[in-house]
Amino acid sequence: MPCSVLIVEDDLRFRDSFARTISQAPDMTLLGSAPDYASGLQQLAKRPDVLLVDLQLPDGSGIDLIREAARRLPTSDSMVVTVFGDERHVLESIEAGATGYLLKDTPATELVDHIRVLRAGGSPISPVIARQLLARLGTAPMQEQTVAEAEAIAPLSDQEIKVLTLSAKGFSYDEIAGLMNVSRHTVQTYVKRSYRKLHVNSKVEALSEARRLRLLNE
Amino acid sequence: MSATESRDPIAAAEADFVLGHRTQAEHGLFAARFANWRVSVAGGAALGVIVSGLYYYLTRDAALFGWLALHTAAYACIGAMCRIYEHRRPDAGSAEHARWLRAWTIATGVTGAIMGSLLWWLPSERDDLLLSAAVIVSLACVAQVVSRGHRPIVYAAVLGQTLAVCTALALHAALAWLIPICLLFGVFALVFGLTLNRATLDAIMQRLYAQHLATELAAAHRNELELQRLRSVQLERERMMEDMHDGLGSALLSALVMLERNELPVSAAAAVMRECVDDLRLIVDSREPAARDLSTLVGMLRYRLQPRIQAAGMRLHWRMDDLASTPWLHPTNSLHLLRILQEAVANALKHSGATDIELGTRQAEAAIELTVNDNGAGFDTGHAAPGRGLTTMQSRARRLNATLAVDSEAGRGTTVTLRLPLPPQ
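Each protein sequence line maps, in turn, to chains Z and U.
For the first sequence, counting from 1, position 138 maps to 138 in this note's numbering; every step adds exactly one.
Add 218 to a position in the second sequence, counting from 1, and you land on the number used in this note's numbering.
One thing to keep in mind: the hints can contain errors.
Claimed, not checked - Label-pair restraints from in silico Cβ distances: (1) U:Asp540 <-> Z:Ser183: 24 to 32 Å; (2) U:Cys494 <-> Z:Ala108: 53 to 61 Å; (3) Z:Arg88 <-> U:Ser543: 21 to 29 Å; (4) Z:Asn181 <-> U:Leu445: 44 to 52 Å; (5) U:Leu445 <-> Z:Val83: 33 to 41 Å.
In short, the hints are calculated from the structure, not lab data.
All C-beta atoms, glycine included, are put in the ideal place defined by N, C-alpha and C.
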């Protein structure tokens, strides 16, 4: 079954270029392409497998779209499209539920490869994002959490920590696979799982934060 | 050193403040005293009732009722004045306020005299002991006005009463010997009143000064914060200018000029744009807080360069020691470092014709060594190597306080080593 893709990008040239590339891939169908948040949100009803989304949309934030997709379509994958792949934007997207990111100047052939890897359960990572993930997920739980919340916080497994630590030092997936005696694909799934954990944990943290604020207001 | 120079500036500022705020402090003192005028007026009137009642009990002289009527009327007047003043609330320092002060000064002098005149109302044939007691009571009563707070009022109260008592004593020849004591008491009351007045004024002045200092301190603090903010904005701007100036600015401008003259083919223009985007990414990475860690910083460079190395058909080998943490690595230094390494890799891609390229970091005793090594053609380091940007790399290394060694020989590849000394502990 081909994988269906929705593109939400306000820049016409990038949108067309992505759309053309995806239409030409034999194993993918272009479900739609939207220039802004409103029509992007509307087209989520078509239930895409993959959402390609720019963060700065004229009428809203791509982050909200990613969050909505994660809530309504838990089996879908969101991929954020960025110019620099800088940590803040990517990390916020991962917290909202994105499992991949794409640099805007990624060549057409690689774009399709990235989507395939994502659907197969793998995610891309850069050293800076790896270091940030370690910093965010390697810390002790917050004090105000209830026991239930603390249990809901998913700690990183040893394997995941190892993958992230090596990534943070600039090792590539193939090199990490060699060092850990596992397949490249396994390494990619470890990364994707740690993205999911950051997403889950940030939801728990948001709940806990909301509860704390409510307590303070009472 | 002259006397003015040695003057403590803080003490001088305080003295200036005191000079400039004396009137304000006096107004403050007056306002504080005035706030409970009802108690003072009622207390003064009640004192008249008690004293005259006491003497009536002793002498059964109806003339004392006349004195009490006079005394009560005087206090009623003062009370009425206070009430009107309170209602009108003239500004401290205004002409109207000054008139009120004069009125009170006269009124206080008059009530003092009335209090002192008690002796006149007593029958002169009464025995001396009683009269002596009346004098003492009259003198003591002056104490109730000495702290009125306004200096002329203090003078008036003491003078009025002392004069009245002394004239009465002069009329009672047998008690004339009390006159010096009475005068002495007057002087004492005056000194006591003025001292009390001074002390209260000082306290008020100190409170004013403390408020003034607190306001100044808050203002100074705000100024300091604003200055700090401006300084950091300025510093950030300078850094950004430096970052942009070296690469992006000149590359874009020269490409633009050539494009406008139709001297730049599209492929070359694309190459310039590509370089600019790459350089922008280096700037972004160098400013990334998580990349203060050197291995992550160099890791980012590898991550950025990997696609190009692959596209050139070369194999990249990554050798990464565990490095000491580098909290001293600031964004501008990070950027120099990234640009040096990027240039070295770009040289290997462009000129070496190598099949393998190795990027490595090594933790040495007092330095971190970063190497870019290829197995390509190499070149003669003894001759100028145009187009390799070696001069720029050297100058960047100097700004980093690092040393750059280029080791190459025709046919034996090239090794570029950047040696970054660790700061002394």
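Does the beta carbon distance between Cys494 of chain U and Ala108 of chain Z stay inside 53 to 61 Å, or does it fall outside?
Cβ of Cys494 of chain U to Cβ of Ala108 of chain Z: about 21 Å, so the range 53 to 61 Å is violated.
Pairwise beta carbon distance, Leu445 of chain U to Val83 of chain Z, judged against the given window 33 to 41 Å:
At roughly 35 Å between Cβ atoms, Val83 of chain Z and Leu445 of chain U fall inside 33 to 41 Å, so the hint holds.
Whether the CB-CB distance between Asn181 of chain Z and Leu445 of chain U falls inside 44 to 52 Å
Violated, at about 58 Å.
Starting from the range 24 to 32 Å, see whether the pair Asp540 of chain U and Ser183 of chain Z falls in it by beta-carbon distance.
Since Asp540 of chain U and Ser183 of chain Z have Cβ atoms about 26 Å apart, the given range 24 to 32 Å holds.
Arg88 of chain Z and Ser543 of chain U, beta-carbon distance inside 21 to 29 Å?
holds, 22 Å
In terms of the numbered hints stated before, the structure departs from hints 2 and 4, listed from lowest to highest.
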